[in-house]
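Could you put the whole structure together from the sequences, leaning on the hints where they help?
2 protein chains.
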Amino acid sequence: MSSALLTDHYELTMLRAALASGAANRRAVFEVFARHLPLGRRYGVVAGTGRVLDALADFRFGDAELSFLRDNQVVNEQTLEFLASYRFSGDVYGYREGECYFPGSPIMVVEGTFAEAVLLETVILSILNHDSAIASAASRMVHAAGSRPIIEMGSRRTHERAAVAAARAAYLAGFASTSNLMAGSTYGVPTAGTSAHAFTLLHSSEYDAFQAQIDSLGADTTLLVDTYDVAKAVRTAVELAGPELGAVRIDSGDLAVAAHEVRQMLDGLGATKTRIVVTSDLDEYAIAALAAAPVDGYGVGTSVVTGSGAPTAAMVYKLVAREDAEGALQAVAKKSVGKPSRGGRKNAFRALEDGTATAELVTTSPGDPAPEGSRPLLHELVRGGEIVGREPLAAARHRHQSSVAELPVLAHQLSQGDAVIPTVFT
Amino acid sequence: MSSALLTDHYELTMLRAALASGAANRRAVFEVFARHLPLGRRYGVVAGTGRVLDALADFRFGDAELSFLRDNQVVNEQTLEFLASYRFSGDVYGYREGECYFPGSPIMVVEGTFAEAVLLETVILSILNHDSAIASAASRMVHAAGSRPIIEMGSRRTHERAAVAAARAAYLAGFASTSNLMAGSTYGVPTAGTSAHAFTLLHSSEYDAFQAQIDSLGADTTLLVDTYDVAKAVRTAVELAGPELGAVRIDSGDLAVAAHEVRQMLDGLGATKTRIVVTSDLDEYAIAALAAAPVDGYGVGTSVVTGSGAPTAAMVYKLVAREDAEGALQAVAKKSVGKPSRGGRKNAFRALEDGTATAELVTTSPGDPAPEGSRPLLHELVRGGEIVGREPLAAARHRHQSSVAELPVLAHQLSQGDAVIPTVFT
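Chains A and B, in that order, are what the protein sequence lines are.
The letter at position 43 of the first sequence is residue 43 when you use full-length UniProt numbering, and the numbering goes up by one with no holes.
The letter at position 102 of the second sequence is residue 102 when you use full-length UniProt numbering, and the numbering goes up by one with no holes.
Just so you know, the hints here were simulated from the structure itself, not pulled from any lab data.
Owing to the predicted nature of the structure, the values given are computational and were not obtained by experimental measurement.
Hints may contain errors.
Note: identical chains are not told apart, hence a pair may lie in one copy or across any two.
Distance condition first, Cα-Cα at most 27 Å in a straight line; then the derived DSSO-like pairs of lysine-lysine [to be verified]: (1) 232 / 273; (2) 232 / 335; (3) 339 / 232.
Next comes the structure, spelled out in structure tokens:
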């Protein structure tokens, strides 16, 4: 399916006017950067890079797209001709997926002609802003959960396709699995789930429902115990499944109190290995508050797919340099009140001291080597139109673990604060 | 593209266990209702109904979907066989799209066997929760804007496919147009847009950029005037386009002050008909604050596509009745602490007095006629598996206008408050 119309109307009118004026073929450098972190957050997480590369590969104007643009007089024939043979032929550099990020530094750099690079603004920002918002929230939840696994189960609380991307972003930030089958099928994210209250209500009794579930899914399944009376349900569950019962899920009430009571009951019934999974409007704060409760796993829905109060990252796509009439690359920047941009092609490095991050270094001499004690953050993703930066999702997940481990411990305070390291422009 | 895997894992394990226990074929009634309105809102707007019908038509398990489920051992062979021939054969009733809604009443009712109806939970909720959240926020913005048109331009701030649905939802709630070309091509939403700062920066001077844009798009275009200096840009704009200049756009600074200054300048230059469009992180509050400013149109991005603080509606999909072992339909309800449900198939009506809504009436005798002075809210969408409730998007847009016009004036207070009419269960 073509991604070409996942684009703002004005990208095409700009293209049209630039083709007419002759400026369309000027070499241009666009940079993606975040104006700020989500309110009070200490760090952000880059996610969506792999999906950007997929969208780039599918960015083609076929007959259907061209007919729409012609019929609605969005552009003229000269522009339609350009679009019909559109292939991005430039270069893209970017932070690797899973890397932490800080405000102002170039998370992605797109170089090409103005014509070919301007068209990609909308779809690149849509993907990075959404996926990074989810991953940034998910990373905090993963840290709050410590060694306990989290299942992402928020599909029903977000757009049906956003749900698939959200499951992917949460997984790369450290979630253990997702309820979303399409995320399993498309991205190989492990999927999980057993039953809802409807299953218990469907049967003539909770006893019958548990029996049916155990018969079908085995004693190692997770039984949902809060449809009627938790204590009674736990007794029925162990009576039917025996001490081999995999887990019970509690989805309502005071989860800390309920977890303690259920643990005591399970232990008393000999089900000492049966795990307790809790769900019900959890976010990073609620997870942290349950740290001392006998909980073995969390299910998180609404809060992770909506970025826990920050449903979008604040990334923008700005022209920072372009060829002048003589063919020389010139830095450019707008001066809009309160929203200025920094001109010039940049490079970014993470400065480290004894393995701990101390600053995001942004230089305007892209060719310079990494400053001593720092590692480079920009990697080649597309070279001359050819995608070279693909990697397995597992690599991004692994990278996130290392990247977050480098941050000062203050990064994990859940209270509101500033970025944990400064962005230094040199 | 099949929508069948836009589904939570547990819907399929429940199906598997219910097929094994024999309960899968019990007749079942699921209802979608909102637990509450978004925080402080006076009313909600139902959106996504048409997209739900599209998703239902595409809910088919083909070879790719079945292979994934088999290879990942999500279900067993008996379940795969059921899925291979899955076609929803039941009935669906619902609020018509664009209708206002209030907490607790059945926004959608799905009747069929448990097996066929349970599978639809995730995709129905994803669509209704997302689209209704956007439309509910958009409706407030439209009212705040009065007769001034609003362009939806938030695609870059949300998932790339969610952006298309958001543009559709904003349009049905009264937005004039969208920047999103896919929303134009898929749903016929009018699209709009002219240029960004990058276009000005691309050219050697603002003068050159404006000239190029006017040459290509005509004097009736919208010129972006805040790249460098607003006053200078306005002078250049009128110098080049003359008094026929369509509009100028201001995207930064104190918009009220800037609008007054620019209006005065335009009038002084004879461009008395040139419109002023403002953009830059507008939400319903900022729009209302600009009511007295000489603004002719708004562009709204982030806040509308993220539901202006409420990115998801609080809709759930609950089993309210099912056949018992003797074939009789029984009301069922869970008792979970703080999250109980109300058993029994329901019907919903809007009570009116002198044309003004006074209550959302919910009855548990679905066959009864509309109480006097009320109009029925549930309409047939699917009959015996056949989709009968499709309608043009324009009809939903028109309905929203009438539905919102019926609400007490208090509905339009932007301050936080309770639902403007009560939901009365009889």
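Hint check:
no., hint, verdict
1, 232 / 273, "within (19 Å within a copy, 74 Å between copies)"
2, 232 / 335, "between (67 Å within a copy, 13 Å between copies)"
3, 339 / 232, "between (60 Å within a copy, 18 Å between copies)"
Hint check: no violations occur; every hint is consistent with the structure.
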